[in-house]
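Protein chains in written order, with this note's numbering: chain L, 1 to 638; chain G, 1 to 103.
Take these hints with a grain of salt, some might be off.
[What the hints assert, rightly or not] Heads up, incomplete: computed chain G residues facing chain L, CB under 7 angstroms, no partners named:
{"#": "1", "residue": "Val93"}
{"#": "2", "residue": "Val95"}
{"#": "3", "residue": "Glu97"}
{"#": "4", "residue": "Asp99"}
[Stated by the list, open to error] Quick list of the computed label-pair ranges, beta carbon to beta carbon:
{"#": "5", "chain 1": "G", "residue 1": "Asp99", "chain 2": "L", "residue 2": "Tyr160", "range": "54 to 62 angstroms"}
{"#": "6", "chain 1": "G", "residue 1": "Val31", "chain 2": "L", "residue 2": "Val614", "range": "15 to 23 angstroms"}
{"#": "7", "chain 1": "L", "residue 1": "Leu574", "chain 2": "G", "residue 2": "Asp99", "range": "48 to 56 angstroms"}
{"#": "8", "chain 1": "L", "residue 1": "Val614", "chain 2": "G", "residue 2": "Asn89", "range": "22 to 30 angstroms"}
{"#": "9", "chain 1": "G", "residue 1": "Tyr53", "chain 2": "L", "residue 2": "Thr629", "range": "25 to 33 angstroms"}
{"#": "10", "chain 1": "G", "residue 1": "Val43", "chain 2": "L", "residue 2": "Gln604", "range": "27 to 35 angstroms"}
{"#": "11", "chain 1": "G", "residue 1": "Val43", "chain 2": "L", "residue 2": "Ala630", "range": "19 to 27 angstroms"}
{"#": "12", "chain 1": "L", "residue 1": "Leu619", "chain 2": "G", "residue 2": "Val31", "range": "42 to 50 angstroms"}
{"#": "13", "chain 1": "G", "residue 1": "Leu55", "chain 2": "L", "residue 2": "Thr593", "range": "50 to 58 angstroms"}
Honestly, the hints are just simulated from the structure, not real lab data. Glycine included, every Cβ here is placed at the ideal spot set by N, Cα and C.
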Amino acid sequence: MDTLMQYAWLIPLFPLLAFIVIVSFGRQLKEGAAAVGILLTAVSFGLAALTFWQRFQEGASDYAFSLDWLQVGDIVITMGFEVNQLNAMMLVIVTLVSLLVQIYSKGYMHGDERFPVFYQYLALFTFSMLGLVISPNLLQVYIFWELVGVCSFLLVGYYYFKPEAKAAAKKAFIVTRIGDLGLFIGICLLFWWTGSFEFAQIFDSIALGKLEPWMITLAAILIFVGAVGKSGQFPLHTWLPDAMEGPTPVSALIHAATMVAAGVYLVAVTYPLFVASDIALNVVAYVGGFTAIFAASIGLTQRDIKRVLAYSTVSQLGYMMLALGVAGAAGYVAGTFHLMTHAFFKALLFLAAGSVIHAVHTQDVFEMGGLWKKMPVTALTFLIGCLAIAGIFPFAGFWSKEAILSAVYEAHRFDLLWLAIIAAFFTAFYMFRLFFLTFAGEPRGRHDGHESPGVMTGPLLILAVLAIGAGFVNTPYAPYLTEWLLSGETGEVITAAFGEGTGHAAAWLQVVALLVSLLGIVLAYLMYGKRYIPADAIPETMPWLYQLSYRKYFIDELYHHVIVRPLNWLGLLLDLFDRYVVDGLVALTASITRGIGSLHARAQNGQVQSYGAVVLFGLLLLVVAISLTAQGGGFFGQ
Amino acid sequence: MSVNITSYLLVALILFCVGLYGALTKRNAVVVLLSIELMLNAVNINLVAFAKYGLFPAVTGQIFTLFTMTVAAAEVAVGLAILIALYRNKVTVNVDEMDSMKR
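Isolated chain L (complex conformation) (with noise of 0.2 angstroms):
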């Protein structure tokens, strides 16, 4: 049974056919492209379900393969591919959400122009992503990171002739591209200090000592620049919540699920660099925590359902950095377990999000409202996602929180953990307060909602139960996950560095963590479902404050006056000196040419006799030449 491993090559394979076969005959599919799209995504994460279900048995040990792609010198740079315990997780949790996705776009882009090119999109997304979870150098990887960063892009501009979507792509691509640069800067001093791309061969000459400490600090925080990037943490994060002008699905597979964890999982399959620097791993918990509680007070009081949930994503994703940051075994393992869950309730969140916005066709929660009864399958798939992320017992966002909570704790780090904890309570407060304002009280504004399709129902059922049982993976009195992942090499550097931690330090730390998201919740009731604590108290009392919340701390206008207005104007500067100088330099060169070719082709005027002249002036210049020339002017002579 060890072949199938060696076929997990294949996985990325079946989506690229569906991207194939959907640019070529995508005219005559229509939509039949979802068909092609599901049909070989489900192959896809059957193949990744069999691979991991495989190793779960087993135990297998990694399984690398690799081809030489290039020899420059003495160095060869390979591509292949690898399955170990993380990215075999990684497999399953891309394909199958990015499966549930797709079977939810066909209900929810049904009678969409471009449908077949959405497919195509999702297609080569999901290859893309595969590609990069599957890849076992920093070069694979960082085509893949690019490649999904393009699909990003094309998805969120997916409804181009809405100004703000293309606004937000560009915007998508221009911040992320920044943290790549970072990326791609400690790729090429890595490959430079170790010679190598290939994660083992750096890791190993990390285990031999052959770096300086200053050199890891280094790499390790480029790269985690990159993963800053693509996680949306502070500071570039201002593009995720502008992503949302995508189509809701796409929200959910990648800026949810799969290419925002992206970041938290090349921190983590990077973890024996981090683990070599304190100052690194202390950053990347440092700009996580402060992502988590930054981005929750943010979520807190903004009115478009899919940017609540956005900042949520945001301050999630800064929780797993948080937990990979606190160091120990126990954070590697809480930050990956967090990954899982949340891919999957908040998934789950945004299409149940899409549902509501596929019914009353608006996006602000207080033209909502009451829409339990009218679609209540979408409203009980929502209470079960908002359960799940503010951590109530037995949900999954409970055991991976708690996971995280004990981690920060066990490593006595209290200034993070009081974070954390803060966090948690207005995550707990802004999705009850989301789910109130949408689905609770009276009907506001004109619409009919209805309930979706069972294509769109479907893929949240199965995601609800997701988001109730995926936390049992990793109970404390269960472990499962935490003996998978530190069983493989990278757990092993890990557990030598750390030892191998419980991970479940304190009970009533669970309890703690209970009660404040009990409370937050109680908080929203109060204020938005029964309306006891009027809900513009706070803007009323301390508007500065609302404002502050309202407008993400005025984050983007600082941006866009420090940052993008010098640039522009840098630009503009530029801009005049390549049409003026630049373009100055070449037009003169074309004038003076055409100048002297008019100049030519006036002598070229038909006459005999002035052709003569010329024949004769030249002839004359040619003896005159030869006359001066010539020795002892002995031409004529003798």
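Knowing the structure of chain L, use the given hints to seat chain G on it.
Then chain G, alone, in the frame of chain L:
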């Protein structure tokens, strides 16, 4: 009395220059043809002069001149024929109006 070769060459030179000037400046095509004949004759004088007073005197130069004159006569016949044909087409013998090479 013996005349210096330089004198012959000088006559030929003057004749050639007069011919050249005429060929390049006159508007009338007939005059241009005449001028070309002058230049040709200047060459003939040179040939004869070198045949008599040159470094290796020989009769070849004089005989060659006879051939040249014969050929020149034929050439003038052809030239005049072309000129007449042109005149019939353009109703002019002015050289500066014959600029069809430009187009």
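Results for each hint:
1. Val93: It is violated, given that the least Cβ distance between valine 93/G and chain L is near 14 angstroms, above 7 angstroms.
2. Val95: Since the shortest Cβ distance to chain L is 6 angstroms, the answer is holds.
3. Glu97: 10 angstroms, violated
4. Asp99: 3 angstroms, holds
5. Asp99/G - Tyr160/L: 54 to 62 angstroms: 60 angstroms, holds
6. Val31/G - Val614/L: 15 to 23 angstroms: 21 angstroms, holds
7. Leu574/L - Asp99/G: 48 to 56 angstroms: 51 angstroms, holds
8. Val614/L - Asn89/G: 22 to 30 angstroms: Holds: the Cβ-Cβ distance is about 26 angstroms, inside 22 to 30 angstroms.
9. Tyr53/G - Thr629/L: 25 to 33 angstroms: The hinted range 25 to 33 angstroms holds for tyrosine 53/G and threonine 629/L, with Cβ atoms some 30 angstroms apart.
10. Val43/G - Gln604/L: 27 to 35 angstroms: For valine 43/G and glutamine 604/L the Cβ distance comes to about 30 angstroms; the hint holds.
11. Val43/G - Ala630/L: 19 to 27 angstroms: About 24 angstroms separates the Cβ atoms of valine 43/G and alanine 630/L, which means 19 to 27 angstroms holds.
12. Leu619/L - Val31/G: 42 to 50 angstroms: 23 angstroms, violated
13. Leu55/G - Thr593/L: 50 to 58 angstroms: Check passed, 51 angstroms falls within 50 to 58 angstroms.
Violation of the numbered hints given earlier is confined to hints 1, 3, 12; the remaining hints are satisfied by the structure.
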